[in-house]
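Peer 1: Residue numbers (full-length UniProt numbering), protein chains in the order written: chain X, 1 to 157; chain F, 1 to 157; chain P, 1 to 157; chain R, 1 to 157; chain V, 1 to 157; chain Z, 1 to 157.
Hints in this document: simulated from the structure, not taken from any laboratory.
Heads up, a few of these hints could be off.
Same chains, same label: a pair holds when it works inside one copy or across any pair of copies.
[Claimed, not checked] Each computed DSS-like pair below joins lysine-lysine, with the alpha-carbon atoms no more than 30 Å apart:
| id | residue 1 | residue 2 |
| --- | --- | --- |
| 1 | 155 | 79 |
| 2 | 157 | 40 |
| 3 | 157 | 77 |
| 4 | 77 | 155 |
| 5 | 157 | 79 |
| 6 | 131 | 77 |
| 7 | 21 | 2 |
| 8 | 155 | 21 |
| 9 | 79 | 21 |
| 10 | 77 | 2 |
| 11 | 157 | 54 |
In this text the structure is predicted, and so the values were computed from the model without any measurement.
6 protein chains.
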Amino acid sequence: MKALYPGSFDPLTLGHLDLIKRGCSLFGEVVIAVLENPTKSPTFSLESRIAQIKDATKEIRGVEVCSFKGLTVEFAKRKNADLILRGLRAMSDFEYELQIAHTNRTLNQNYETVFLATEAHFSFLSSSVVKEVAAFGGEINHMVPERVATELQQKFK
Amino acid sequence: MKALYPGSFDPLTLGHLDLIKRGCSLFGEVVIAVLENPTKSPTFSLESRIAQIKDATKEIRGVEVCSFKGLTVEFAKRKNADLILRGLRAMSDFEYELQIAHTNRTLNQNYETVFLATEAHFSFLSSSVVKEVAAFGGEINHMVPERVATELQQKFK
Amino acid sequence: MKALYPGSFDPLTLGHLDLIKRGCSLFGEVVIAVLENPTKSPTFSLESRIAQIKDATKEIRGVEVCSFKGLTVEFAKRKNADLILRGLRAMSDFEYELQIAHTNRTLNQNYETVFLATEAHFSFLSSSVVKEVAAFGGEINHMVPERVATELQQKFK
Amino acid sequence: MKALYPGSFDPLTLGHLDLIKRGCSLFGEVVIAVLENPTKSPTFSLESRIAQIKDATKEIRGVEVCSFKGLTVEFAKRKNADLILRGLRAMSDFEYELQIAHTNRTLNQNYETVFLATEAHFSFLSSSVVKEVAAFGGEINHMVPERVATELQQKFK
Amino acid sequence: MKALYPGSFDPLTLGHLDLIKRGCSLFGEVVIAVLENPTKSPTFSLESRIAQIKDATKEIRGVEVCSFKGLTVEFAKRKNADLILRGLRAMSDFEYELQIAHTNRTLNQNYETVFLATEAHFSFLSSSVVKEVAAFGGEINHMVPERVATELQQKFK
Amino acid sequence: MKALYPGSFDPLTLGHLDLIKRGCSLFGEVVIAVLENPTKSPTFSLESRIAQIKDATKEIRGVEVCSFKGLTVEFAKRKNADLILRGLRAMSDFEYELQIAHTNRTLNQNYETVFLATEAHFSFLSSSVVKEVAAFGGEINHMVPERVATELQQKFK
Chain X
1 MKALYPGSFD PLTLGHLDLI KRGCSLFGEV VIAVLENPTK SPTFSLESRI
51 AQIKDATKEI RGVEVCSFKG LTVEFAKRKN ADLILRGLRA MSDFEYELQI
101 AHTNRTLNQN YETVFLATEA HFSFLSSSVV KEVAAFGGEI NHMVPERVAT
151 ELQQKFK
Chain F
1 MKALYPGSFD PLTLGHLDLI KRGCSLFGEV VIAVLENPTK SPTFSLESRI
51 AQIKDATKEI RGVEVCSFKG LTVEFAKRKN ADLILRGLRA MSDFEYELQI
101 AHTNRTLNQN YETVFLATEA HFSFLSSSVV KEVAAFGGEI NHMVPERVAT
151 ELQQKFK
Chain P
1 MKALYPGSFD PLTLGHLDLI KRGCSLFGEV VIAVLENPTK SPTFSLESRI
51 AQIKDATKEI RGVEVCSFKG LTVEFAKRKN ADLILRGLRA MSDFEYELQI
101 AHTNRTLNQN YETVFLATEA HFSFLSSSVV KEVAAFGGEI NHMVPERVAT
151 ELQQKFK
Chain R
1 MKALYPGSFD PLTLGHLDLI KRGCSLFGEV VIAVLENPTK SPTFSLESRI
51 AQIKDATKEI RGVEVCSFKG LTVEFAKRKN ADLILRGLRA MSDFEYELQI
101 AHTNRTLNQN YETVFLATEA HFSFLSSSVV KEVAAFGGEI NHMVPERVAT
151 ELQQKFK
Chain V
1 MKALYPGSFD PLTLGHLDLI KRGCSLFGEV VIAVLENPTK SPTFSLESRI
51 AQIKDATKEI RGVEVCSFKG LTVEFAKRKN ADLILRGLRA MSDFEYELQI
101 AHTNRTLNQN YETVFLATEA HFSFLSSSVV KEVAAFGGEI NHMVPERVAT
151 ELQQKFK
Chain Z
1 MKALYPGSFD PLTLGHLDLI KRGCSLFGEV VIAVLENPTK SPTFSLESRI
51 AQIKDATKEI RGVEVCSFKG LTVEFAKRKN ADLILRGLRA MSDFEYELQI
101 AHTNRTLNQN YETVFLATEA HFSFLSSSVV KEVAAFGGEI NHMVPERVAT
151 ELQQKFK
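So that you can see chain X by itself, here it is in the shape it has in the complex:
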């Protein structure tokens, strides 16, 4: 099966990476879809984020990396995905995730959002926490892939 894993990945964390690995081993194929949102000003450009994800996933079979604009359900259809994959952290905005899953189902009944529980020791991790720690010069190697750590530290030097 082919799963679409949408997100801003600004930047990719080890929690995202864990979910990608588990998604690939469970469904076989995961399309990592980086959302290009004109209303937001991301820390990393779309190109950098795609390069970071490609670098971090180059050893994982069944991964495709791309970007998209517009509705997730429409992009899932264009990519012939079977489902939309999302992670649920104990400390995540559970209500927001259910709200988006319900909204997507009203837009296209065929697209289920499938949730996997994020690993317990990644449950405190989010891109915003990583950026806050990096901005203050803190250690982030246990939070993000190597290349992301290097590029973040350069950005906040």
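For this one, chain X is given, so just place chains F, P, R, V and Z on it according to the hints.
Peer 2: The following block gives chains F, P, R, V and Z in isolation, referenced to the frame of chain X:
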């Protein structure tokens, strides 16, 4: 009884409309008070929002539509309302709603905030979700009244 | 308006009493409906609970105290109530309350459950906490009306 | 793919049934595994529950109904399932579900628990709510399949 | 400082043990107070639980193990403790913990309940989950100290 | 013991002040560390906030007031603090607080974040609620120390 239903209604959703109908049949009168908040830049002007609400509620007996600035409890007093009405969605910011209700009671003991549970199938709906879907060209007729859908689609064309 | 306030009140707490007073001043009449639930073995008999509530509310205009078996919405109809009243504590089982409110609306569209936020300093209070403290000989006068405190202390002597 | 959908189903609700249909169309095969839990005294015997589920799912392709004792991950392995399927209601015990999903992963890394968001209008529904309403003679046809409604009403007559 | 760490510890988990170690290094002394609750029928007797805790903490400086009946705040006073220590798991009953902390403060203003966040990878762990897995013959060595694992497995053989 | 109490305190509320008093009586010393966050535009300048806090705490023994930039755990180390102190309101972002506590522990194992439950009647209070009420000319004397109330009212005149 007269209920004051305050909010930004940017824009009005079918969830709001359902609550207005139920408020009117329960209490007899509902004053829909559109908050004019100088610190925010709404998607629709105050005039458009008032026109949208008037259009959507023209068949409902006991509805008044107006705008206000300043404290909700003070406006409730000016409008001779008996209570403040708010909706609670399973997927709403329950803690924020209770925080505002407590704050309002410390400002004026006479004004109770009365909560009604939003209909289950509207529990995923919020103005921000509607705008996000509309911005990406998604179908919103099942989320907002007709006039709001048309005006939103024009805005994001 | 007439509100039906259903519960087991095993025993009545100062949080319940606060809600009864606010319900009466807001709606005019509150029917306190003590649920007789054959599947549960309450600490106080139905008669004791009704006597405790009558004693605690004797100074409050617009209060009626009675018991009922079966569905809340059906009893509300029999008592000609206009709505069902429930309290929401920050530390209450919000999801359970919404679940019951939705269930009741599917059983009888005419019966809305109206929630009031429990006073902040009562938000930690529940009948089970009161009984736990009383069982261990703790001070409970700041949690329950006087008669309830006396009868609880006798029970756990 | 083959999903294992474990639960007590005491009794099966329309929320469960909706999840079974969506699981089958998404994964192709769903094994409905009724947990036989010696420490609990269910309302319906294991046989009745299995018969009810078989009756309600007879038109759905890819469904298998059976019972099991012991650990879910071990039974999933015995049935050659690819994953464990669970529903997440906005008003469900999200934290308990994540707790069980994490526990199962520590017991067998190969078994992911995949969550689907329960349909919004079923989000208030649970077996315990159904039994409570039925016990008080309330209408339950909008909550459970026909056969379950009939057998529940006979039980509580 | 001396912290009182009350609980039923039925049985002690690695999450409890982690909190005990962190409490000792932070405050110097931790009194592990096993609650003897006549209204409950524990899996392990009071003596077994005390023996298990003593065995698991024998290498930790500053630990005392005892049992108590009645109010936590009163026992804290009898033991000359400075504060009450509790763990908060992301997946714990946060509202129940706050409810008990508030209740204890109304009973004795001098006793603060101090919370530490349970380690992320223990956040799914609780005594009831451990017993459920053990009852079904599952692996529990990653959840409880060795002696507890052995005694649990004997109990459920 | 010395506790570091970090925050933006923009402005100090009576809820903060209550926690400072309780922290001092529990640990002996509390360093109130006002975070200087270049990415945010606070309502009050750093100097005004420090002056407000010094004024409000001048009668409390064991208080030190200062500001810091960068990582909380690093500043805690520089100030020789023994722990980080935070308040938990029933209506606070519990998940965000746990996320920060876990993050800080991964950055420096030696720094525990210790939580105290905010007093029940302050549980609805936050700096943002205070500013919203003050902006609309509402009464705030029951929410903030006197000097803060005066300065806020001047700011929003």
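Peer 1: Now, for every hint given, state plainly whether the structure supports it.
Peer 2: Structure-based check of all given hints:
no., hint, verdict
1, 155 <-> 79, "between (33 Å within a copy, 28 Å between copies)"
2, 157 <-> 40, "both (23 Å within a copy, 19 Å between copies)"
3, 157 <-> 77, "between (41 Å within a copy, 22 Å between copies)"
4, 77 <-> 155, "between (36 Å within a copy, 26 Å between copies)"
5, 157 <-> 79, "between (39 Å within a copy, 25 Å between copies)"
6, 131 <-> 77, "between (33 Å within a copy, 22 Å between copies)"
7, 21 <-> 2, "both (13 Å within a copy, 20 Å between copies)"
8, 155 <-> 21, "within (28 Å within a copy, 39 Å between copies)"
9, 79 <-> 21, "both (19 Å within a copy, 24 Å between copies)"
10, 77 <-> 2, "both (11 Å within a copy, 23 Å between copies)"
11, 157 <-> 54, "within (24 Å within a copy, 34 Å between copies)"
Hint violations for this structure: none, all hints satisfied.
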